[in-house]
Structure formats: C-alpha cells, structure tokens
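One point on numbering: in the working numbering, the residue at position 127 of the sequence shown is 127, and numbering is uninterrupted.
Please note that a few of the clues may not be correct.
Stated by the list, open to error - Pairwise CB distance ranges (calculated):
(1) Lys79 / Thr398: 52 to 62 Å
(2) Phe228 / Ile63: 28 to 38 Å
(3) Leu105 / Gly328: 27 to 37 Å
(4) Lys166 / Ser421: 30 to 40 Å
(5) Gln460 / Ser72: 40 to 50 Å
Stated by the list, open to error - Here are the computed lysine-lysine pairs in the DSSO-like style, where the Cα-Cα straight-line distance is at most 27 Å:
(6) Lys178 / Lys387
(7) Lys441 / Lys190
(8) Lys205 / Lys92
(9) Lys387 / Lys340
(10) Lys340 / Lys377
(11) Lys196 / Lys352
(12) Lys196 / Lys178
(13) Lys190 / Lys142
(14) Lys441 / Lys340
(15) Lys340 / Lys294
(16) Lys227 / Lys377
(17) Lys196 / Lys449
The hints are simulated quantities; they were obtained by calculation from the structure and are not laboratory data. Beta carbons are placed, not taken as given, at the ideal position from N, Cα and C, and that holds for glycine.
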Amino acid sequence: MKPANTKNGVPVLHSAKEGCKPKKFTPDEVLVPNPSFKENQGTKRKIQPGSLSIYELERLENIRQNQVFLSSIKLLEAKQDLKPEKTQRGLKRQKLNKVAWTEILPPRKSLRIQKKEAEQLPLPPEPHRIYYEAERIEHARKPEGPISMKPINMEEDSSLPPELLKLWTEDLIKEEKKELGLEEYRSTLKSMELSKSGGVAKVVKSRIFSVAFHPCSSHLLMAAGDKFGGVGLWNLDSDMGDEGVLLFEPHVRPVACMAFSRSHPTDLLTLSYDGTLRSTDVEKAVFDEVYRIKDGLRTFDFLSHDCSTLVTGDWYGDIAIVDRRTPGTSHESLHSLDTKTVRCVHVHPVQKQYIMVAENSIVSIYDARCLKASSSKPVSQLYGHSKSISSAYFSPGTGNRVVTTCLDNNIRIYDTSELTSRAPLLTSIQQNLITGRWLSKLQAVWDPKRDDCFVVGSMQRPRRVQVFHESGQLQHFFQDPEMTTVLSVTAFHPTRNALLGGNASGRLYVFTD
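Generate the whole structure from the sequences, applying the supplied hints.
Here it is as structure tokens:
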C-alpha cells in the first residue's frame with residue numbers, strides 16, 4: 001500500500017511555510033542536516049527506502065531550513081560577540097581528578113530486624129569551649145616562632161619577587177592635600193570605577209574576613225585574609241605570582257583583622273582566631289610571631305604612633321597590652337572586662353591613651369593608664385544598641401566622631417569631641433545588616449582622608465557599596481555589572497582615590513579614578 005504523500009513511489013515533503021513547492025526525495029538518497037553544519041551546506045546520506053517516515057523527513061527539512069535562516073542572519077556569530085571578556089585575575093582554579101575512587105561500604109542492616117539488642121554507646125564528653133575545640137586547634141596551628149614566607153601559588157624554593165621588596169620598603173611621601181568640599185568629594189567618588197582590564201582578582205581561596213591597603217602611593221598593593229588562615233597580596237600593576245597575586249598561609253583559622261603600620265619599613269600585622277598575631281618581614285622573608293595565646297583572638301589596633309605597642313581583644317572578654325620591643329610573645333598586661341566578648345577595639349587617633357571597645361550591646365571608652373586586672377571603669381559609653389555590635393571606629397583625623405555597626409540594622413554616629421559619661425547620638429541610619437552565616441559581617445569604616453564620610457557594603461540588589469556622610473546623607477554608591485556578590489569587607493586607600501571590597505569567594509574588587 002502506497003503512503004498518502006507519495007508520487008510514483010517517491011516520498012514528497014511539504015514545507016511548513018505556505019506557498020512553497022513540495023520537495024522530492026529519491027528512495028535511495030535524502031538531504032539530511034549534518035551535525036557539524038557549516039556555511040549553509042548539508043550532507044547527503046544514503047538511506048534504505050522506507051527507513052524514514054514522512055513525519056521524520058518533514059522534521060529534518062524544517063531543521064535544515066532553520067539552520068540556513070540562522071546562518072543567513074549571522075545569529076551564531078552575534079552570539080559569540082555578545083559574550084563578555086573574562087577580566088578575572090589572580091589565583092587559578094585547582095583542577096580535580098577526573099576519576100574519583102569511592103570506598104564501597106558493607107550494607108547497613110537494622111539491628112531490630114535482626115532481633116539484636118541495640119549497642120549502648122557512652123555519651124560524648126562536654127566541650128570545653130563554646131566556639132570550637134581548643135585542643136584540635138592547638139594541634140593544627142602553625143609552630144611557634146617565625147614562619148618562612150613562601151608563596152604557595154609559586155614553585156617550590158622560589159624567592160619573593162624583587163619588586164615586592166622594593167615596593168614594601170618604599171619611602172612614604174606625606175602630601176598635604178587640601179580637604180575637598182562635599183560637592184568635590186562626590187565628584188571624585190563618581191570618577192572612580194571598576195577597571196575593565198583587571199579590577200577583579202581572586203586573591204585568597206575562601207571567604208574574606210579582612211582587607212587593607214598598603215600606604216604607598218606609587219602603586220596599589222592590597223592585602224586580604226580569608227577563613228582558613230590564608231593571606232593574599234595583590235599588586236594591581238604587576239604580573240608577579242598569578243597575575244600579580246601572591247598567597248601565603250601564616251595561620252590556620254580566620255584572619256579576622258589586619259593592618260599596615262605607618263612606620264618605615266612598612267609592616268603588615270595579621271591576627272587570627274587561632275590565637276596568633278604575626279608581622280610580615282619581607283626583608284627576612286618570614287612571618288614573625290608577635291603575640292600568642294591558646295585561641296580566640298578577635299581584633300587589635302596600634303596603641304602608639306610608632307606602632308610598637310598594640311592592644312588586642314579576644315572572644316572571652318579580655319584585652320591585652322602588647323609591646324613588640326619586649327622579647328617573647330606574651331603580653332605586658334591583661335585586663336578582663338565586664339563583657340562576654342570583645343568584637344572590636346580601636347584607639348583614639350590623637351589621644352592614644354583612649355581605647356574604644358565594642359562589647360555586647362554597649363561601646364565603652366577606657367583610659368589605658370587606668371585599666372585594672374578586672375572591673376575597669378570606662379571614661380565614656382555609647383548607648384542605644386539593642387543587639388550585638390559588629391564594629392566601632394573613631395573618625396581618623398580628630399576622633400570627634402564614632403561610627404558603630406549593629407545587628408539591629410542601624411549604623412549610628414556619636415559625638416565624642418568631649419568624652420562625657422554618655423556620648424550623645426547624632427545620627428542613626430537604617431540599613432539591612434543581616435548577612436547570615438555564609439557572609440562576613442558588614443562594617444562601616446571611615447575614609448582615612450576625611451573625618452565625616454564612611455563606606456559600608458550593602459545587601460541591596462543590584463549589589464553595591466555605599467558611602468554616607470555623618471549626617472546620614474548618601475553621597476554615592478558604587479555599582480558595576482561585574483559586581484554580582486555582596487562586598488562585605490571594604491576599605492579606602494589612605495592617600496589615593498581608591499576603594500577596595502572583598503566578597504565570600506576570595507575575590508577583591510578595586511575602584512579607582
């Protein structure tokens with residue numbers, strides 16, 4: 001019996017388009033689209049008569065015509081042109097083995113079905129620490145004393161690049177710049193943008209906890225600390241390491257705080273939850289150990305103008321005074337405060353004897369000369385917070401203002417020009433500050449070049465970084481199509497017009513003019 005759409009035993013295919021003439025196929029030959037179709041050509045394949053139905057032939061002809069049409073309008077070429085160029089720099093992804101061996105375990109069987117008594121297992125011992133197991137950290141962390149400064153993303157036995165040593169020991173030029181008005185400052189912020197030729201780089205392997213700018217003005221050298229103790233250095237105008245990135249591992253727990261000293265040569269100090277505070281000596285290529293406790297260090301700041309004395313805070317409500325000139329890795333004095341934990345410490349930029357401590361829901365300012373072993377009385381306190389305080393910082397020039405970040409979704413600015421028993425609240429800015437467990441806490445930090453403006457990350461979409469005035473007025477926000485994640489940790493350059501932000505995947509974003 002002949003098919004309905006045949007003529008003299010030859011299959012006839014009707015096009016889907018109206019007005020087109022039917023296309024005939026011989027029994028031993030049919031035009032079939034080639035999977036590797038190119039330049040509007042098809043491939044003829046011989047088929048056996050009756051091997052393809054009328055529907056299949058019609059379908060293949062429709063595919064061929066669609067491919068011819070797409071090629072005529074050059075849609076595939078346009079698709080390739082629309083793909084953005086990759087601008088990511090820094091560490092490369094580690095290639096995984098294609099073959100993954102899995103251990104075959106015996107099948108689990110129910111003791112109840114086997115009519116056996118359940119095993120009586122003893123209860124596990126109660127943990128001694130509420131944060132993590134101190135004994136496990138003690139075994140895992142780095143040995144005492146200096147650690148060799150070897151980049152883990154370079155070949156073994158490779159020395160530090162000479163350009164890093166030259167940049168690290170560069171003389172810091174103090175330029176007296178005229179302070180800009182708010183209008184000029186906003187114009188400067190608007191001129192800063194993410195570099196299209198490499199303003200993003202993967203500097204560390206995991207979530208960023210802390211960032212800092214090297215104070216030199218000739219180049220942009222940045223540092224970042226991650227969740228697993230890694231410290232990355234990124235020179236924006238260099239190809240050392242992985243496209244300007246060098247990665248080190250001086251710690252084994254989150255690098256919660258880091259800062260460059262203003263002394264010469266410049267020094268980078270890093271503090272970690274593993275209980276160690278280390279300084280970076282590039283000339284000797286080692287990470288020197290400055291301070292060491294069992295665990296739980298959280299924050300630090302420089303207590304003297306020459307950066308030789310430090311104050312540290314830990315998770316257990318203690319602050320310690322550390323003198324780097326004293327041999328050993330112990331503190332000069334230890335002071336227990338009436339709080340469960342210390343989340344942030346900051347020293348007054350002018351009157352260095354005043355130490356500000358962010359406690360549970362109160363910020364207290366202490367006089368370092370009057371600290372006692374316990375139950376020290378504060379000189380001034382900042383009230384109004386209803387939940388945990390993430391950070392508190394004096395304004396960089398005069399210390400007349402304090403900006404605090406609290407988990408009650410408020411950023412507050414206080415007047416500390418006169419240290420009274422209760423500092424007056426000037427402004428409160430409502431902001432979504434709930435980041436969850438997978439992002440670092442948002443912290444408002446001052447622009448070192450100004451006494452009245454600060455920067456903070458944002459949870460809003462599209463993703464952005466915001467700059468506010470002390471009055472609560474939004475001055476500018478930084479956005480870019482490439483910025484698709486929350487930049488929780490931010491910092492301004494001390495002298496240049498540059499802004500740095502770090503995200504939860506170890507990437508740094510730098511906005512410059």
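Consistency of the hints with the structure:
1. Lys79 / Thr398: 52 to 62 Å: holds, 57 Å
2. Phe228 / Ile63: 28 to 38 Å: About 51 Å separates the Cβ atoms of Phe228 and Ile63, which means 28 to 38 Å is violated.
3. Leu105 / Gly328: 27 to 37 Å: violated, 50 Å
4. Lys166 / Ser421: 30 to 40 Å: violated, 50 Å
5. Gln460 / Ser72: 40 to 50 Å: holds, 44 Å
6. Lys178 / Lys387: Outside the cut-off at roughly 39 Å; violated.
7. Lys441 / Lys190: Holds. Lys441 to Lys190 sits at ~26 Å (cutoff 27 Å).
8. Lys205 / Lys92: holds, 10 Å
9. Lys387 / Lys340: Cα-Cα ~14 Å, so holds.
10. Lys340 / Lys377: Holds, at about 16 Å.
11. Lys196 / Lys352: Status violated; Cα separation ~42 Å.
12. Lys196 / Lys178: violated, 30 Å
13. Lys190 / Lys142: violated, 44 Å
14. Lys441 / Lys340: Roughly 19 Å separates the two Cα atoms, so the pair holds.
15. Lys340 / Lys294: holds, 17 Å
16. Lys227 / Lys377: violated, 35 Å
17. Lys196 / Lys449: OK: Lys196 and Lys449 at ~26 Å, within 27 Å.
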